[in-house]
Amino acid sequence: MTTAVHRGLSPLRRGLANGAAVIAQHTTTHRAVTIHASVAAGSGHDPDEALGTAYFVAKVIDRGTASHSADALGEALDGRGVSLSVGVSRHLMTFTCTCLSEDVEEVLDLVAGVITQPIFPPDQVELRRSSVITSIRQDEDNPAVVATEALMATLYSGGHPYGRRAKGTAASIQAIGREALVAFHRAHAGASTLRVMIVGDVEAGKAVTLADAAFGGWSHAGGAPLAPPPATPGRTRTTQTITMPGKAQSDIAYGFTSVARPDPRYYALTLMNTVLGQYAMGGRLGDSIRERQGMAYYVLSGFDANVAEGPLMVRAGVNPSNVARAITSIDEELTRMARDGVTASELADAKSYLTGSMPRMLETNGGIAAFLHAADFFGLGLDFDQRLPGLLHAVTLDDVHEVARTFLAPDRAAIVVAGPPPDAVGGEPHR
Amino acid sequence: MSSASLELTEAGSVRRAVLNNGLTVFVRPMRTAPLASVWCWYKVGSKDERRGQTGVSHWVEHMNFKGTTNIPRDQVKGIIEQCGGSWNGYTWIDQTTYLETATADALDRMLFIEAERMANGLYHSDDVESERTVIISELQGGENDPEQVLDTEVTAAAFKAHGYHHPTIGWLSDLQTMTRDDLYGYYRSWYVPNNATLVIVGDVDVDDALRRAEQHFGAIAAGVLPARVRTREPEQHGERRVRVERPGTTAYLKLAWPAPAASNPDFVPMLVLDAALSGAKGVNLWASFRNPPQRSTRLYRALVEKGLASSVFGALLPTAEPFLYSVTCTVSDGTPIASLEAAADEALAAVRAVGITPVEFERARHQLRARLVFESDSVTNIAHQIGYFHTLGDVDLYYGLEGRLASVTIDDIALVARAYLSPARRTVGWFQPVDAPAGGDR
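Those protein sequence lines, which keep their order, are chains A and B. For the first sequence, position 185 matches number 185 in the working numbering, and the numbering has no gaps at all. For the second sequence, position 189 matches number 189 in the working numbering, and the numbering has no gaps at all.
In short, the hints are calculated from the structure, not lab data. We put the CB at the ideal spot given by N, CA and C, even for glycine. Errors might be hidden in some of the hints.
[Said to hold, decoys possible] Where chain B lies over chain A, by a calculated footprint (3+ residues, C-beta under 8 Å):
id, region
1, 30 to 44
2, 72 to 80
3, 214 to 221
4, 303 to 315
[To be verified] Negatives, chain A to chain B, calculated, CB over 10 Å:
id, residue
5, 89
6, 100
7, 143
8, 183
9, 246
10, 247
11, 354
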């Protein structure tokens, strides 16, 4: 099976005079444009004593600007069918939306107002505080979120910015005043770290001109990007059980720290992770735990290299009576891969899959915008879509075996199980 | 193509053919990426299930990834990934569907997979047993989610007779007791070309794609379809209420009313009404249904902006028979559910009394037009819409949406608000979190 010719992106990148970067890609699939912008104001920047500040800022930042009240802004976006999403990762606050191409100029101006001139109206701060606390309470009732957050806290202990709860706690949110939100925005959001992707049915040169008009006047530089300390790999195996009465299923989160994005082993780890827990619905883990043993509806591994060493995580949802069996199966698969590596055909399949899936990944405006944003954030270059297949193809069986030996060590795994007590649920345990 | 009758559907440059065995084939060329998406739809879903076999449609879908005569069990799940492709399937109340999206040169392979799935599923007993526990795990995962638990209860209360009563995943005891023969019998009855729709969208030549479809599917024999369950929901006289009490942290409120089917002339006015109440979602369940523009809508302003709810979501789904229009709210921490319900009642009563304003009307229509554009951004999503609406009854339900939207009047919105949002025909659901029994180390 040959893969189709990958036609390649042709993005235009311009640095604005204030330090912001604009990347535009013209597509003609349909009459729409996706805007994807970010500033270095993620949850990793939260003050230790005020966890959740960035998340709280993200929930209020689009509720009123110097030129639009909260209602006027809502009407201006709604009237164009636009839903602006503001999110936070460890490093960034991101702003994404899609609009009709005829509306792109007005929508860029609205988004620029949100990013550069939010006014944090006191009544909106109080409303969003209540909804943030409700969202935290929902997370506390979700075994998958509870298990994942507890695993991250274990892997990144000692106050590392990757280990803290991004939304904070009900108590921390309760204690954050409006002035702290204003100060956080002032300290961290600025043109020096602003990236704006504009992808869709607008000619690239015009998109850059529109972005310059919308963002070029922002003279505030903001803060520096987050520079997290290196993560400390675990030395011993730890297991934590969090009992959540009333739940029907247990969620397992099992993981390690891995590598930072610039690490040359990134591509070998990506291929290893694909074989372990991604390819064809969950890779080897899916084959063992879901297909052969029928224990779980979902089981997968994920690998999230970041500025600092990101997590390599296995997750599964199983009947409470099968938790021990599932963890044993994860141990066995990891041990086998560390001992024997992957087979030549598994590696070839993983390479075909990852390179062959690029046209799908880059089919939509949203997909292109996210890809270009990540490539620019990690300094991978505008031609990264052209280079990625070669980087993957260059990985050898030995490279994959080496990273498997280095990172897949059950005796150093951190494990968290969140769910009901083992004897609380009927149903159909594995027989 | 001598063995098929052909007709050209102009809207959206879609070609439709019907093979001699009854298989309907749609092909739409779209050359914006070197990709093709193939969907094979079956007009069978959980509403077609008999008592004692709830969940069989969905379980059959799972079994149809377990190998066929010519695709060994261990090759099924890598067969499309080798081409960089993705695959999936879903089952809902009216339909079961399977898809592959991959580079266009994998078209033959995608068609081969779907033809095998239609005719040659293996259904080994061992696989039935291992999948039984996977599906029960899926059900239990859903039970961890209070919104899903409440949705199941409200839907079951709103439909006491119609097949939309039970959840698509089925009731646990049916999943524990169904046999391999139940599954295989259901598969053989419904998975026939005269109950299926094949959709091909992407970087393909129409005549070539139709020829390949004929090659792969032409020899599969038509079947005699079982009689469908014809039970209709009796008229509802008076509000129904359900209350779920389980350990949890957060309360939820759900209001639901019987809604028009997609083919009903009231469906599009109801879409506009929903957009005015809670923001336009479009009509693509696969792609775009989340995150509507809603900050200026009636319910957002009355409930979220007043601090009573942290979220509100309205849902009107295109269905073959009358289903539900629902509004689901996450209750703000510390707010009594009754206070939120009273505020929702007040907002809805105002819309029933006088309809919506011209500004709301135009905004809602513009949002819907924009969402129809946004949700057609990939070969996968476009192919989904063609197959989804054809399986509901007619693909023109989809291609006619813009026209129907253009001809809706503001008075239509007031009429459907009065007709459908009646307090006497609604079902109200509360999820009331209760304290967990003591125990645990948390």
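Check: Okay, which hints does this one fail, numbers in order?
Finding: Of the numbered hints given earlier, those the structure breaks are 3, 4, 6, 7, 9, 10 and 11, listed in rising order.
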